[in-house]
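As they're listed, the protein sequences go chains L and Y. Using our numbering, you'd call the opening residue of the first sequence number 1 and step up by one each time. Using our numbering, you'd call the opening residue of the second sequence number 1001 and step up by one each time.
These are calculated hints, taken from the structure and not from any lab test. Backbone N, C-alpha and C define an ideal beta-carbon position, used for all residues, glycine too. Each hint should be verified, as a subset may be incorrect.
What the hints assert, rightly or not - Which stretches of chain L does chain Y cover? Using the computed rule of at least three CB atoms under 8 angstroms from a CB of chain Y, they are:
1. 30–43
2. 47–54
3. 86–99
4. 120–129
5. 132–143
Next come the chains, spelled out residue by residue.
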Amino acid sequence: MRRFHVDTLVAIFLLVFCGVFLAATFSIRETSYASLGAEVWPRVILVFLTVLSLAYFVQSLRREPVERQTPEPRGLKQWFLHHLNAFWCFLWFGLFLLTLPYLGMLVGGMLFVYVTLTSLGRRDLHGHALHAAIAVISVGAMWAIFTYGLKVFLPTGSLFY
Amino acid sequence: MTLGVTAGLIAGAIPGFTVAMAVVLTLPFTFGMTATQGLSTMIGVLVGGLSGGLMAGMLTGIPGTPSSVATTFDGFPMARKGRPGLALGIGVWSSFFGGITGAVVLVTLAPQLARVGLEFGPWDYFALVMFALTITSSLSGKALLKGIIAGTLGLLVAAIGEDEVNGVARFTFGNDAIRQGFAFLPVLVGLFAFSQLLSDVQDRVKAGKPLMPKGTRAVRVEHRRAIAEVLSRWVVVLRSSFIGVFTGILPGAGSSVSNILAYDQAKKASKNPDEFGTGIADGIVAPESSNNATEGGALIMVMALGIPGDIITAVMLGALLIHDVVPSPSFISEEPVLAYSIFIAFFFAHFIMVTMQAFCLRIFVLITRIPMYILASVILIYCAIGVFALHNVGFDLWTLFLFGILGYVLRNLGFPLAPMILGVVLGDIAELNLNRAWSINNDLTLFITRPWSAFFLTLAAFSTVFPLYQRDRGVKAWTQFYFPIFAFAIAVPVVFMGGVVRPVLALCLVGLGVYLLWRRAQVAPRTDTKS
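Throw the hints in and build the complete structure from the sequences for me.
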């Protein structure tokens, strides 16, 4: 059981992934005019990836996992705490994207920066004020540069029409 | 370009921010510019970033970018001995002379290599792409298999959406938004910048602290003395610059490799190798000359063959594609204004870099007082704005998010991201050339019978085995034959390339192989015969 580590799970995931995508290649429309069908290249890649994943699977069973960039935390709680900051960023970024059509880039962006800063940094009164100021200034400045300087249309948000 | 150089200098100086990240984040600003302006700005950032890394390394001992790791070995001790101004000056002027040497080689070699590139057929291009991917993966250190998997995943990502040749949708799973495929910029920013930022704030305590110790302060750069010191070491400058250029030409090996290689060579060539690491000028001149010259080499490959060698030149290629310019061997002759603008920008950026260094040193000191979590949060939203500005569609933001998560997961699982990014960039080129090759002749043996294709496939095969060679060198007997067999194998396609020079070169390679075998037979075997 000791051998059944993360690399093995990743290899199994990759094999399933290859299976799903290989099956999907059979749904690719065939054309009469193509000399090389649109499904050929993806199939070549997927067959190669399957072979590599199998090799990875065997390697993961045969030896200890290779050195990682970050030390692997032990236990679910430690693992969660280790990645907590990243989870905050993902959560707030996902919410920012979901609310973008309503809040727009300016307000949504400011809220995202403020909430992310507060989640990652200090949460006292001074921290809240500092984060709010950073959010307003940084997003406001970038919004102005893109809207007026680079003439890029950024979403206004349906709430502000 | 001045703004680009300034931004690059500051970004390069901040530990955790690589040059590639600075170039990636600059791309959205170039949408509104012409191709020439956009590319010049990005080259400014690139040159600034390569030179900016030395500031942090010398003043605090923490290299700003991987390209300036070796600079710290002697730069920091020299600064601690009370000569930070001279250390910075030597670093700045070595970067300048190294960059100028790289630019000269770029101007000279790129048109010549482009002429060679005109000999390439689709089979050869396909093989070249395979070589670029395998060598990038093989340079991933111990994680060779993970590197190749990452590169293959990149090819698969590029295959999602409408096929460029037949216009047939692939892997859309019923979602119309995916029909167009994933745009290059959101994938790149997500995989690389987004995941890098999240990794930077992973440690809660470290993320809340300022980037540098409070005592860090700007110093006055001793330019005159530094120029004299650098010019008196012109051999080191030239040797390191050439190491840099040729490392840059090799796909996958960037300035993070060349600066250490150049430092190592300078140490080996020195009469006083023991003094390295104590704060001597040679130890600063070598890495700083090489890292700036490396990008000259990498640009040669992009401009002459349209094949990026690292993430930075992959972004440059992406920028050219956004401006509807497709680099190929005919790029320099068909787009002379743009091509020569890139040459001039690369030259000129080095002059701006020297001018702006002192000014940026002050800004750098101010920025290092900001905690990482603040910088990361602000840059995350900037990534979103920049990516949205590409096509003005929300789907690109979801792509950024998806690939941000993927990049973060892959990073934590120990998968190198550079092969994946190159796979995304090179996927379309590989498929297009495979299609062309098949349309002309469906004989697959052409991939091994055409000299250039066989040449690149041989290089690809040997570069795949190279990590095993490195692992087993001096331990297993087969490693003794690696280089002789490589010389014989590579001589075969070279001899069939025709002309006079190439067959002569092939004979030299055979001679080298025979010599290596003879030398092996002369010296006592160092291997453990049991293993």
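Structure-based check of all given hints:
For the region 30–43 of chain L, the stated coverage by chain Y holds: 10 residues have a C-beta nearer than 8 angstroms to a C-beta of that chain, and at least 3 were required. Evaluation of the coverage hint for the region 47–54 of chain L: fulfilled, as 4 residues show C-beta separations to chain Y shorter than 8 angstroms, against a requirement of three. For the region 86–99 of chain L, the assignment as covered by chain Y holds, since 7 residues bring a beta-carbon within under 8 angstroms of that chain's beta-carbons and 3 suffice. By the rule of at least three residues with a Cβ nearer than 8 angstroms to a Cβ of chain Y, the coverage given for the region 120–129 of chain L holds, with 3 such residues.
Counting residues of the region 132–143 of chain L whose C-beta lies closer than 8 angstroms to any C-beta of chain Y gives 5; at least three are required, and the coverage claim holds.
Violated hints are absent here; each numbered hint is respected by the structure.
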